[in-house]
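Start from chain A and add chain B according to the hints.
Number of protein chains: 2
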Amino acid sequence: MNKDNISKSVIRRLPRYYRFLTELEENGTERVSSGKLAEIMRSTASQVRQDLNCFGGFGHQGYGYSVTYLKGEIAKILGLDKNFKAVLVGAGHIGTAIAAHMKFENLGFRLVGIFDNNQSIFGSKINELEIRDVSELQSFCADNNIDAAFLCIPKDEAPEIVGSLYSSGVRCFWNFTHYYIQGDYPDATVENVHLSDILMTLCYSMNEAVEKNEQS
Amino acid sequence: MNKDNISKSVIRRLPRYYRFLTELEENGTERVSSGKLAEIMRSTASQVRQDLNCFGGFGHQGYGYSVTYLKGEIAKILGLDKNFKAVLVGAGHIGTAIAAHMKFENLGFRLVGIFDNNQSIFGSKINELEIRDVSELQSFCADNNIDAAFLCIPKDEAPEIVGSLYSSGVRCFWNFTHYYIQGDYPDATVENVHLSDILMTLCYSMNEAVEKNEQS
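So the sequence lines, in the order shown, correspond to chains A and B.
According to the working numbering, the residues represented by the first sequence are 1 to 216, in order.
According to the working numbering, the residues represented by the second sequence are 1 to 216, in order.
Just chain A, with the same shape it has in the complex (with noise of 0.2 Å):
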């Protein structure tokens, strides 16, 4: 399979389809049919074949997918069978969240480190991991080979932080603060989540609405 020729919009729709496709298999669904899939995926069955085709194609006329098979699938794509090794900065409220209620195994990480500033925090644990002294996570990260870091850090702090991930030698950031990785580090591979824009966007979907509901 040549990933290179699967567009960047299929890709963003993979994780949906293996969302859904955990939910089925929970559900004890066995196969599933394109219709189906489009339904959940609120698509069409003929984009949802499209979709499945640049993969090679898992379905058989009229018979459906098999549901477990093409989950499968999907995950060696996303690479969620890597197991990337992952530290978490910032113990505070998101950090816990996300530390806490995140199925990491399924999401293609594992989370080894959890690191913050407040020492009145360290030694007590979050799913059985230790929060430890931040002061210690350039050689913790250095020692055992992390892949990746989740930023749940003021982005005051975030300069530092990182430039301390990446010298040894993380390259792939999780990042709820606002700092810009790739302004410093361009070979950085990072997701951004900035929850006030998306606030603002839906400000602006709100405010669109009411005034359409004005005209009408």
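If you're looking for bench data, these hints aren't it; they were derived computationally from the structure.
A quick note: this is a predicted structure, and the numbers were derived from the prediction, not measured.
Hints should not be assumed to be uniformly reliable.
If chains are identical, the list can't say which one is meant, so a pair holds when it fits in one copy or spans any two.
Stated by the list, open to error - Pairs of lysine-lysine, DSS-like flavour, derived with a Cα cap of 27 Å:
1) K103 to K85
2) K125 to K8
3) K125 to K76
4) K103 to K155
5) K125 to K155
6) K125 to K85
7) K125 to K82
8) K8 to K76
9) K155 to K36
10) K8 to K212
11) K85 to K212
Relative to the frame of chain A, chain B by itself:
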């Protein structure tokens, strides 16, 4: 100004313009060139001029843009002056993070109520706002003309909560659950934050980066 002519992609960039202009204003910068804005926006000066021309253009050749004026105009386009009344449902880690740290008044919303179903936290406060019993949610929203709800609850609780919010007039949702609100309420305005989808996308990019490195 006719907002209908503004493309979706320009709109999507506006929160970022707004955020950077806020930072410039906080740093005491009074005027900014399209070149400087382009640098901050990781864009080109001509793209920036084109974006801002959509709104009638706020700059003067060779003189740049007034930071405060431009920020104000973008705020108006986004509707940030509307102060939509919002409630937050689910005061766990994510909900608490959002209630405690987001500057809603700059983002178009006013948080006026926090609800949870855990009676051991009823009455405790986040940013001066008392956590209330979720059984009072529907009457509170109807009595207070609530516009929006931020949903930080488990997926299986979402259908019932959204149902009672909708029936008391709420049409705008910031949805951290995996419940598909628009499937049941097509006229709702929704922004979803699917953290696990974002993490899988990061995994894919990381995996791609690793494979490229191995090939080179």
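Violated hints, by number in ascending order, as checked against the structure
Hints 2 and 3 are the ones this structure does not satisfy, whereas the remaining hints hold.
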